[in-house]
Amino acid sequence: MKMSPENTRRTLFTLILIGVALPLIFKLGLPIESSENVQMVYDLVNGQPEGSHILLSFDYDPASKPELHPMAYAVARNALERKYKIVCTALWPMGASLCADTFKRLKEEMPGIEDGVDYVNLGFKAGGIVTIQKMGSDIRDVYPADMSGTPIGELPIMDGIRNLTDFAFVYSFSAGAPGIKEWVMVAHDKNKVITTGGATAVSAPAILPYINEQKQLHGLLGGLKAAAEYEKLSGHIDIATSGMDAQSIAHLIIILFIAVGNIQYHLIRKRKRGE
Amino acid sequence: MVHFMNWLGLWIGALLTFGIYSFLYKDNPFYKVAEQIFVGLSAGYWFVYTIYFILIPNLFNKLSADFGAHWLLIVPGILGILMLTQLVPKVAWLSRYPIALMIGTTAGISFMRYMKSDVLSQITATMINPFNGSAVEIVGQLLLVVGTICGVIYFFFSKKHEGAFGVGAKVGIYFLMVSFGAAFGYTAMARISLLIGRLQFLLFEWAPNILP
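Going line by line, the protein sequences match chains A and B. Take 1 as the starting number for the first sequence in this note's numbering and just add one per residue. Take 1001 as the starting number for the second sequence in this note's numbering and just add one per residue.
The following block holds chain A by itself, in its conformation from the complex:
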């Protein structure tokens, strides 16, 4: 029986849908191993003294939420447990709202944390790389107030913070440009601040070369899988891990279809040669 290309395509999509939906409903509990890049990020996040200031930049929008939001929860929760002071910024307009959403949920989990004391959302600022450069010299000039309008001088969390060099490290949740690359270029390469981050899986291959001997980037969480690895390392199994079974099954289906497609291609070529 010969299937039309249209129906072949639809069959593949249906199988992927089933392959993703079923493991979400019926958990398989497939093992998750942490990679070196995720371990580097985890060690960095857990290797700072209590009370250290860290900067988390929410450089994504809802289109990348399924991949980057689980990372944001995992990293921010881990940092709050370590009693760090978290300063949040956003190079993407919707990033500020996604940051607010992250801390709203974390506040439900950890009622003791206080806005302006343990964390602050400085909001979005346009300008990309220029904004980061300015933060390298004076963060108060870029953000005179936090997102709710409180002047930066009245925020206890900002005591002693003048510029990027006052942070233990910078972490960018990045869906593209401006994002992690711009932070590497300015925060690390210009201001010598340790820079790390998480990126969507699509953009991860372009970011990976920055993890090198020069330590331009200190580890990387690439996509949902890396978020699940981070959840496992930090001991908080959450939404990223729950999607990993589905991810593995979908990949198996894709690999299977690639193999079947190649075998079919070679068989057709062989038949044509024979003719």
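Nothing false has been slipped in among the hints.
Under 7 Å between C-beta atoms, here's a sample of chain A residues computed to sit facing chain B:
| id | residue |
| --- | --- |
| 1 | 20 |
| 2 | 185 |
| 3 | 212 |
| 4 | 214 |
| 5 | 216 |
| 6 | 224 |
| 7 | 250 |
Ranges of calculated distance between the beta carbons of each label pair, as one might list FRET restraints:
| id | chain 1 | residue 1 | chain 2 | residue 2 | range |
| --- | --- | --- | --- | --- | --- |
| 8 | A | 108 | B | 1127 | 48 to 58 Å |
| 9 | A | 111 | B | 1005 | 20 to 30 Å |
| 10 | B | 1112 | A | 166 | 18 to 28 Å |
| 11 | A | 236 | B | 1008 | 26 to 36 Å |
| 12 | B | 1026 | A | 252 | 20 to 30 Å |
| 13 | B | 1072 | A | 166 | 20 to 30 Å |
| 14 | B | 1184 | A | 111 | 41 to 51 Å |
| 15 | A | 236 | B | 1081 | 45 to 55 Å |
These are computed hints drawn from the structure, not numbers from a lab. Heads up, the beta-carbon is just placed ideally off N, CA and C, and yes, glycines get one too.
Starting from the known structure of chain A, arrange chain B on it as the hints suggest.
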């Protein structure tokens, strides 16, 4: 009211998700509606956001609060207005000034940063002793050095790819193919992650609200 708005949000989210994914069967009006709502909402959101979160706090509020201290902001304000002259063909040439300024400053800033981060630091990172470390590290370092050199050879077009040079270019192609494969793998993972995100919404947020 809050409960109703949540309920409405869930239904709109679910219907738009179904609308977008219906394209996988074939192009249809539900997909078109969902697509155009997305485009319209994005443009509207950007427009309102730019006015309320960029122009008002960074320009209008500063000028009205203390004009003497911020009078220089008139310059970017005027340049911004000149951008809008694109809409009037007779004076559209005026928009070339802010565009020229933007291109010039962007090129200037980017040249220095890219030169440092993408050229100098990346080249320095490959200038390593490949035979330092464990056996696995040595293999990795050799692959890094050989892959970088052969990859660059492939993109050198001023000499014909033949002889030893051609072998280098051929090896470079294999390294490029591996990197394309990795990029494809990551892309597939990203797309599946987006599907997982939507299905998690449909199964665990929307479905419990419609089931008795």
